[in-house]
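**Student:** Top line first, the protein sequences correspond to chains A and B. Here the first sequence stands for residues 111 to 417, numbered as in the working numbering. Here the second sequence stands for residues 181 to 447, numbered as in the working numbering.
Derived from the structure by calculation, the hints contain no laboratory data. Be aware that one or more of the hints could be misleading.
A short, non-exhaustive set of chain B residues, derived as facing chain A with CB atoms under 10 Å [as the list claims (entries may be wrong)]:
#1 PRO212
#2 TYR219
#3 ALA223
#4 LEU235
#5 LEU239
#6 LEU242
#7 SER265
#8 ILE296
#9 LEU382
#10 LEU405
Taking lysine to any residue and the SDA-like style, the derived pairs with C-alpha atoms no more than 20 Å apart in a straight line are [what the hints assert, rightly or not]:
#11 LYS317/A with ASP194/B
#12 LYS231/B with ALA258/A
#13 LYS160/A with ALA368/A
#14 LYS343/B with GLU360/B
To spell it out: a stretch of chain B is covered by chain A in this simulated footprint if at least three of its residues, at any positions, have a beta carbon under 8 Å from a beta carbon of chain A; those stretches are [unchecked claim]:
#15 199-207
#16 298-309
Even glycine gets a Cβ: it sits at the ideal position worked out from N, Cα and C.
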Amino acid sequence: MGRARARAGQGSAWAAAPGLLYLIGLVLAPLVIIVVYSFLSRAKLGVGVKWEFSAQAYADLLFSESLAGGRSFDPTYLQIIFNSFLFALITSAVTLALALPIAVWIATRPPKDRTGLIFLVTIPFWTSLLIRTYAFIIILNDNGPINAFLGALGLVESPIPMLYTPFATVVGLVYTFLPFMILPIYASAERFDFRLAEAAYDLGGGKWTVLRRIVLPSVRPGVIAGMLLVFIPALGSYLAPELLGGGKTSMIANVIAAQFGASRNWPFGAALSVLLLIITLLVLVAFAVLSKRSARVTGRSSWESML
Amino acid sequence: MSRRPRGTGESLKDFPLFGAISAVVFAFLYMPLVFVVGYSFNANRVVTVWKGFTLDWYLEVLQNDDIQRALMNSLRVAVVATALSVVLALGLAIGLLRLARSGNSFAWALIGAPLIIPEIVFAIGTLSLFVQMRMPLGVNAITLAHTAFCIPFALLPIRARLKSVDLSVYEAAADLGANEWRIFRRVTLPLLAPGVVAGALLAFIISLDDFIVSYFLAGPGGTTLPVYIFGMIRNAITPGVNALSTLLLLVSVLIVSISYYTSRRKR
């Protein structure tokens, strides 16, 4: 073919085949099997499933069975799903409040300093999440540096219990996802033409007015992308609530893990996973409608600036 | 810098408190790393009560047989997963530029999926798949799963590099009589090398640091370093956890720095 000749040496679409097949086998297939498992029955010994159709797992989401065999409405899991939403929402709000100033600040540094500063933001992301989460066990401990500091200043009589509280979970989540908020906002802010801000000053605008009326609307796509990149993974977080929440503040992921671990109810864990996937998908669609492409582009370019 | 920004611009760009908040955020970002490293030198068994400087925890950690075994497992997984994901990503990068639009969005959904799907779902999904197929858990199972989520990390630097290649070099090579394979080996690959190195390094640390997927697929013999550390945290927190963590942090920071510099150079 003539077109093919003009593209000599650029390779063919078939080069992507092994990679795509691999992803179908190890990303798509696991998702399919979870959906299938969620409609099967619990195995006698608890590991794996029994191949017998059942909607029990989904019924378990809302109802619990009493010993007498009757079913009654049980809000336990609804509560956990609601908690997960709440945690993800708080995390998004706090990371936004912290990320906006630093993203704009970095974007207004001289160009040659910016890449270094952004690299500094991303370094912690590349280190083990387990270790960073563990670090907060040390930091928030009753004998930890924060309580020691407050004690030394005489601000508190006895240590403030912080570890194993919802507060600790939120701190861990905010810490985990902060870079995901900073990067897209920075990507937007960097493209912002600060001559617009200058023009606004010339027209008599004060700092706050310029920030609110000129800068913020311009970084909106970055903010939306950031909310997406924080909210979705925060919703499915496992480590922060597991290690810092002390079991008191379970999120969906912890319940899923328990079903595949000690609780040994794989179909129920699978059903919860399906639910989490559906919620994730709905949130994605909502954001897509909200952002009308612009945020998606920023989101991708912020990934690329990071890698 | 030789050139000052024009006139009034610079101070007008500053917003009150933004610099201060940025400093606080940077401190927050590095605080966990500082405390993990700092307390790894604590002579006291109780991590957070400082008693004096010691390197004993490092000796203890490095001489522990279980830790050595976990380290070997981690390295085996990371090396193989990196190699596999880089090869697959190389094919994806080249193929996707040639693929029709409709196929492309499906492909990107597949590639991006491991980044968007909650990791716990990916972990138990892979676990279910392997159990269903009667595949033994352990190092090999972990490697297969890691490869899948290492692909996007390997792919992006390679793709960025590939997009910057001037298409006329292929034409020139073809005009000189090189066949497709020869062009790939002698032209494409050398041009992509910095992207391949950066992608490989990122894939390596993503695999090395993974906890959740490894935890569910480890089985009895597949304990990796993060899985081992999780066990330590669950049992008793001593500065030993910090010493081991510090070593792992050091490797990550070192590798990501190398990756950063290789992908910056010659761009």
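**Student:** Holds or violated: is there a CB of chain A closer than 10 Å to the CB of ILE296/B?
**Tutor:** Interface hint status for ILE296/B: holds (6 Å vs cutoff 10 Å).
**Student:** Would you check whether LEU239/B satisfies its interface hint, that is, whether its CB is within less than 10 Å of any CB in chain A?
**Tutor:** Status violated, d = 20 Å.
**Student:** Does the segment 199-207 of chain B contain three or more residues whose Cβ lies closer than 8 Å to a Cβ of chain A?
**Tutor:** With 5 residues closer than 8 Å to chain A, the segment 199-207 of chain B meets the three-residue bar; holds.
**Student:** With chain A as the partner, please determine if LEU235/B meets the hint condition of a C-beta pair closer than 10 Å.
**Tutor:** Constraint on LEU235/B not satisfied, violated at 19 Å.
**Student:** Next item in the hint list is ALA223/B. Is there a CB on chain A closer than 10 Å to its CB?
**Tutor:** violated (16 Å)
**Student:** Holds or violated: LEU242/B as interface residue toward chain A, Cβ cutoff 10 Å?
**Tutor:** violated (17 Å)
**Student:** Counting residues of the segment 298-309 of chain B whose CB is closer than 8 Å to a CB in chain A, do you get three or more?
**Tutor:** holds (count 11)
**Student:** Has the given pair, LYS231/B with ALA258/A, been kept, meaning a C-alpha gap of at most 20 Å?
**Tutor:** Since the Cα atoms of LYS231/B and ALA258/A sit roughly 14 Å apart, the hinted pair holds (cutoff 20 Å).
**Student:** With a cut-off of 20 Å on the C-alpha distance, tell me whether LYS343/B and GLU360/B pass.
**Tutor:** Within the cut-off at roughly 18 Å; holds.
**Student:** Mind checking the alpha carbons of LYS317/A and ASP194/B for me, to see if they're no more than 20 Å apart?
**Tutor:** holds (9 Å)
**Student:** Double-check LEU382/B for me: the hint is only fine if its C-beta lies closer than 10 Å to a C-beta in chain A.
**Tutor:** holds (6 Å)
**Student:** Would you settle whether the hint for SER265/B is holds or violated, based on the nearest Cβ-Cβ distance to chain A being less than 10 Å?
**Tutor:** With a closest approach of 9 Å, the SER265/B hint holds.
Of the hints listed earlier, those the structure fails to meet are numbers 3, 4, 5 and 6, in rising order.
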